[in-house]
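Line order of the protein sequences matches chains A and B.
Start counting at 1 in the first sequence, then tack on 1318, and there's your number in our numbering.
Start counting at 1 in the second sequence, then tack on 1318, and there's your number in our numbering.
Keep in mind the hints are simulated off the structure, nothing from the lab.
One should not assume that every hint holds.
Same chains, same names: a pair is fine if it fits in one copy or spans any two.
Unchecked claim - Straight line, CA to CA, 30 Å or less: simulated DSS-like cross-link-like pairs of lysine-lysine:
hint	residue 1	residue 2
1	K1379	K1571
2	K1498	K1571
3	K1513	K1481
4	K1535	K1523
5	K1464	K1573
6	K1409	K1465
7	K1535	K1379
8	K1481	K1498
9	K1321	K1379
10	K1472	K1495
11	K1557	K1570
Just so it is clear, the structure is predicted and the values come from calculations on it, not from any experiment.
2 protein chains.
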Amino acid sequence: MSKRPLILVTNDDGISAPGIRTLISAMNELGDVIVVAPDSPQSAMGHAITINSTLQCNQVKIDDGPQIEYSCSGTPADCVKLGINEILDRKPDICVSGVNHGSNSSINVIYSGTMSAAVEASIEGIPAIGFSLLDYSWNANFNEIKKYLINITKQALLNGIPKGNALNVNFPKLKEKDIKGIKICRQANAYWVEKFDKRVNPQGKEYYWLTGEFINKDNGHDSDEWALANGFISIVPVKFDLTDHENISYIKKWKFLN
Amino acid sequence: MSKRPLILVTNDDGISAPGIRTLISAMNELGDVIVVAPDSPQSAMGHAITINSTLQCNQVKIDDGPQIEYSCSGTPADCVKLGINEILDRKPDICVSGVNHGSNSSINVIYSGTMSAAVEASIEGIPAIGFSLLDYSWNANFNEIKKYLINITKQALLNGIPKGNALNVNFPKLKEKDIKGIKICRQANAYWVEKFDKRVNPQGKEYYWLTGEFINKDNGHDSDEWALANGFISIVPVKFDLTDHENISYIKKWKFLN
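Whenever a hint applies, use it, and build me the whole structure from the sequences.
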């Protein structure tokens, strides 16, 4: 690349989360960085967007880096829309989201605000990557993965992410020296079995907390869950054309009214 | 079917919206209906779930039908999780969501609370359909599509929706006699160009409203947008495995650290 790339950075844990601070620091080594990130945590927001209320956006200064930062009242997808269409002067060369505090592998991609930001950018024709670390702790050691953040983003800038795709990158909770490498994977066939923790409030009214148990019945060695369980970083190319093309002919045989 | 099917009904416009009232009335003709729907509108919520706050759920009586109804404080996906795991005694035979006031065709499926409910049910192994009418009006005439709601759901119960799929059904804004029939389609390659309407509040602070223009550059006659524009009902089988399997081999060639 002849000139420095323009990099849009966002996340779903909020602009002051340690995960995004590490990602910003890594991206500063690769290009000119503009951050447009939520002003508060937006985990499990899926691909929500804000259409029935207003959005606020303020320039902020959080650390000493060269990046320019905006804190936004919306969801991760709102931040990407605002960044691309209102804040940036030109299309960014890439959009990176994260590093999420916790896994977005397998079915978690569906609920992920981190990945919704990356997918939103890919819908707008911009190469995009969502990064997540399998450690929910606020004090997770993101430095262990910093060189991979740079390597993967650099490769995406050099090679170009296929149109209609965003990359879902998950890191195992390991020290850098124990990471075995990178695997390109498919989304594992895994799911959550919900357990609702029913409680009674001081006024005697019932309420619930959503909890659950993660079930992975996928035995394939080409899935993201397998890679992560075996010490590898997983990369899954994720698409926003949700059509199951293989099943169109089956449904065409049904007896519909005409 | 020897016995009446158990049908879980939800939506994203809220339990009192005319669209869900028509859907409930149609489903009462097919089976035993349990409604678990949001207590307030949840449009454009994507696949959000509630993990950092509590959920409330109350049995309510809204009209004279035989259905049993619960009004829930969460998102559409929360309602499905609560319905399946906490409220129903057995797995429902099908979950239907809608009828949404407005389109969920093409890229709108990504932002849709209506479809997130259907996809959530399909993740839990339950056949599921999201219904939407291309009319945003609260007073849209849902009776024009009632016989199709029954026909499509009946066919899904009889034939079984393929595992890993939910159906995304959109109705054109037409009188029943003008509907030309049903097309099984792929998701059109269309998108929104955002326009942020920037305003100033009474305190002099800037804020934004998200608006946009819908762009369809897809010329194929097999897309949902084509079907709807030509007087047909569109049905797209939607999957929650987001992997773009075709691009895995391409990304495997990148020069990653190892």
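Status of the hints after comparison with the structure:
no.	hint	result
1	K1379 / K1571	neither (59 Å within a copy, 39 Å between copies)
2	K1498 / K1571	between (48 Å within a copy, 18 Å between copies)
3	K1513 / K1481	between (38 Å within a copy, 23 Å between copies)
4	K1535 / K1523	neither (37 Å within a copy, 52 Å between copies)
5	K1464 / K1573	between (55 Å within a copy, 17 Å between copies)
6	K1409 / K1465	within (25 Å within a copy, 47 Å between copies)
7	K1535 / K1379	neither (45 Å within a copy, 40 Å between copies)
8	K1481 / K1498	within (29 Å within a copy, 34 Å between copies)
9	K1321 / K1379	within (25 Å within a copy, 64 Å between copies)
10	K1472 / K1495	within (21 Å within a copy, 57 Å between copies)
11	K1557 / K1570	both (24 Å within a copy, 17 Å between copies)
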